[in-house]
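Those protein sequence lines, which keep their order, are chains A and Z.
Its first residue numbered 1, the first sequence is counted upward by one per residue in the numbering used here.
Its first residue numbered 1001, the second sequence is counted upward by one per residue in the numbering used here.
Hints may be right or wrong, so weigh each one.
Said to hold, decoys possible - No farther apart than 16 Å at their CA atoms in a straight line, the calculated lysine to aspartate or glutamate pairs in the EDC-like style are these:
| id | chain 1 | residue 1 | chain 2 | residue 2 |
| --- | --- | --- | --- | --- |
| 1 | A | K89 | Z | E1119 |
| 2 | A | K9 | Z | E1096 |
| 3 | Z | K1133 | Z | E1068 |
| 4 | Z | K1133 | Z | E1153 |
| 5 | A | K164 | A | E84 |
| 6 | Z | K1122 | Z | E1096 |
| 7 | Z | K1133 | Z | E1119 |
| 8 | Z | K1122 | Z | E1082 |
| 9 | A | K9 | Z | E1153 |
Stated by the list, open to error - What the simulated footprint calls covered on chain A by chain Z, stretch by stretch (three residues with Cβ under 8 Å from a Cβ of chain Z suffice, anywhere in the stretch; the number is not a length):
| id | segment |
| --- | --- |
| 10 | 6-16 |
| 11 | 31-41 |
| 12 | 74-87 |
Bear in mind the hints are in silico, worked out from the structure with no lab data behind them.
Cβ atoms here follow ideal geometry from the backbone N, Cα and C, with glycine treated the same way.
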Amino acid sequence: MSAASAMLKSEARLLARNPGVVVWTAILPVVAAIVLAAIPAVRQPMDGLGGLSFFAVYQPVLVLFAVTLLAVQAMPDVLTRYREMGVLKRLRTTPVSPAVLLFAHLALILAVSLGCMLVMVIVPALIGATWPQNIAGFLLGYLLAAWALLGIGMVIASLFRNAKVAAGFGTLLFFVLQFFAGLWLQRPLMPDWLRHISDFTPSGAAAQALTDSTGGQWPSLLHLAVLAAWGVAMSAVAIRLFNWE
Amino acid sequence: MIDVRGLRKTYGDRTVVDGVSLTVGEGEIVGILGPNGAGKTTTVECIGGLRRRDGGTISVAGMDPADEGTAFREALGIQLQESRLPDKQTVAEALEMYSSFYARPRDWHELAERLGLAEQRKTYFAKLSGGQKQRLSVALALIGNPRVAILDELTTGLDPAARREVWELLEDLRGTGVTLLLVSHFMEEAARLCDRVVVIDRGRVIAADTPEGLAAGVVADQRMSFVPSAPIDPATLQGLADVRTVMTSGDRIVVTGTDNVAGSVLVALHQQGVAATRLRVDQPNLDDAFIALTREQEATRGPAAAQSDTNHRRGVHV
Chain A
1 MSAASAMLKS EARLLARNPG VVVWTAILPV VAAIVLAAIP AVRQPMDGLG GLSFFAVYQP
61 VLVLFAVTLL AVQAMPDVLT RYREMGVLKR LRTTPVSPAV LLFAHLALIL AVSLGCMLVM
121 VIVPALIGAT WPQNIAGFLL GYLLAAWALL GIGMVIASLF RNAKVAAGFG TLLFFVLQFF
181 AGLWLQRPLM PDWLRHISDF TPSGAAAQAL TDSTGGQWPS LLHLAVLAAW GVAMSAVAIR
241 LFNWE
Chain Z
1001 MIDVRGLRKT YGDRTVVDGV SLTVGEGEIV GILGPNGAGK TTTVECIGGL RRRDGGTISV
1061 AGMDPADEGT AFREALGIQL QESRLPDKQT VAEALEMYSS FYARPRDWHE LAERLGLAEQ
1121 RKTYFAKLSG GQKQRLSVAL ALIGNPRVAI LDELTTGLDP AARREVWELL EDLRGTGVTL
1181 LLVSHFMEEA ARLCDRVVVI DRGRVIAADT PEGLAAGVVA DQRMSFVPSA PIDPATLQGL
1241 ADVRTVMTSG DRIVVTGTDN VAGSVLVALH QQGVAATRLR VDQPNLDDAF IALTREQEAT
1301 RGPAAAQSDT NHRRGVHV
């Protein structure tokens, strides 16, 4: 068995034995999506929203909410706790590289967030809400968005020595990211210069990519490229700056 | 195999390791002894590539620990004093995972058996006893079949039976040509296992020799004790040139002094018409050598320095 698959197997088992952080992080947006979809009025197409229902407009927001939360709160939690406990110091004495550890956690949280996304898309569709109109685009946008955001989570996981401080920083980052995604000031309502900045942030690009595909279009190349660039850059930074202690 | 020259490590204005040099040949077992706070753990962590050194050179199997390359990690196994694994990882899972990190690992089932962990294979790390955690740590250090192993406080906290088992494992290892660097407080362990011993105090090497050489080379107090056949006044012994201290312990009289103390005391007793029954004479051993060496260091530096060292060792900082 290779080091990578052994690590993945081991961390998956440990996550299954300690699901607390992940469950409590993901539960709010997932439940919100299902509850919203269950309300008939929310499912009706509305003229003011270009024929889309309130649910269709809100679905990408909730999906993004979930993956962002998992990326900046849940993902760094395990590794920073390991660092505090001295587990990483033990691993440091072996030939295993930090990349293996980081990517194992990336893969696990990605799998969890994918699962959440599928629940938030399929269950509402089964109870009468609409599917995203461009499913392939939605999926592509989602995967790149997850990589970009989880990359940020990896950097937090690499740097912080204290789990509580990491959690605090993660919360701060969450609000910054959600601001650029348009949670408070919707993107169409932003002044042009702010929207341009938001286009280059991972959450802004993700929000637009998911919204575009929900409405039937393909996510723009710009946004997909921005997400991929963040994913690559953050992964590299996380590996380079990894602290064992 | 290990070549350390002029190793220095400072934390702020405190020099924790101050010019330590030592060598370990292939297949040797070398022990590092020293009081608490002497810099032993810092030294071995620098050798093991876990701390950045501030000066000097280190070479382990021809590689510099500071590079922390994969080949270095394959060649060197380290057992750490404070070693944690995730609470809910079982012994078997840990051993299996760590095996996968190495190119030519040892059979972990066999290692677990040798270290008495066969029954604990499915036990969570958090539920292991202190001694079991310690033994798992040793297993993880050796799982990769390293050429060199650093073992820090190997048998601290183990009961005598477990301690013997670990010693036997190490003696077997020696047979396979593995080089070992042990850090120990436990003199009997150093005397039994080590080919050579290096004594470190306050960041410097103050002695390096075989255990027997070290014990013999130091003029340590000889100790004798006996039960006198008739009551005697201890003061009559205190006055003898070769005698340092006289104590009574129940009906025993315990006398310490130079190499000749036993002879002098017996002659003095004979002159009083008293025989020494149930006589015991102790050889200076590594414990005595160690205490004498470190006391010597204190003496040469003066009482004020000695007090500040004692404070430092006890964790008191002014």
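Now the hints, each set against the structure:
1. Straight-line distance between C-alpha atoms of A:K89 and Z:E1119 comes to about 27 Å, which puts the hinted pair past the 16 Å bound.
2. In summary, the hint linking A:K9 to Z:E1096 is supported, as the alpha carbons are separated by about 11 Å, within the 16 Å threshold.
3. Taken as a hint, the Z:K1133 and Z:E1068 pair is broken in the structure, with Cα atoms around 26 Å apart against an allowance of 16 Å.
4. Proximity of Z:K1133 to Z:E1153 is assessed by CA-CA distance (about 13 Å); at most 16 Å being required, the pair is judged to hold.
5. Our distance criterion of 16 Å between C-alpha atoms is met by A:K164 and A:E84, whose separation comes to about 10 Å.
6. Only pairs whose Cα atoms come within 16 Å are accepted, and Z:K1122 paired with Z:E1096 is accepted, the gap being roughly 12 Å.
7. Restraint check for Z:K1133 and Z:E1119: the C-alpha separation of about 13 Å stays at or below 16 Å, so the hint holds.
8. With a C-alpha separation of about 22 Å, the suggested pairing of Z:K1122 with Z:E1082 is violated against the 16 Å cut-off.
9. Taken as a hint, the A:K9 and Z:E1153 pair is broken in the structure, with Cα atoms around 32 Å apart against an allowance of 16 Å.
10. Counting residues of the segment 6-16 of chain A whose CB lies closer than 8 Å to any CB of chain Z gives 6, which reaches the minimum of 3, so the coverage claim holds.
11. Proximity of the segment 31-41 of chain A to chain Z, defined as three or more residues with a beta carbon under 8 Å from a beta carbon of that chain, is not established by the 0 residues found.
12. Coverage of a stretch by a chain is defined here by at least three residues with a beta carbon nearer than 8 Å to that chain's beta carbons; for the segment 74-87 of chain A and chain Z the count is 4, and the condition holds.
Taken one by one, the earlier hints fail for this structure at numbers 1, 3, 8, 9 and 11, listed in ascending order.
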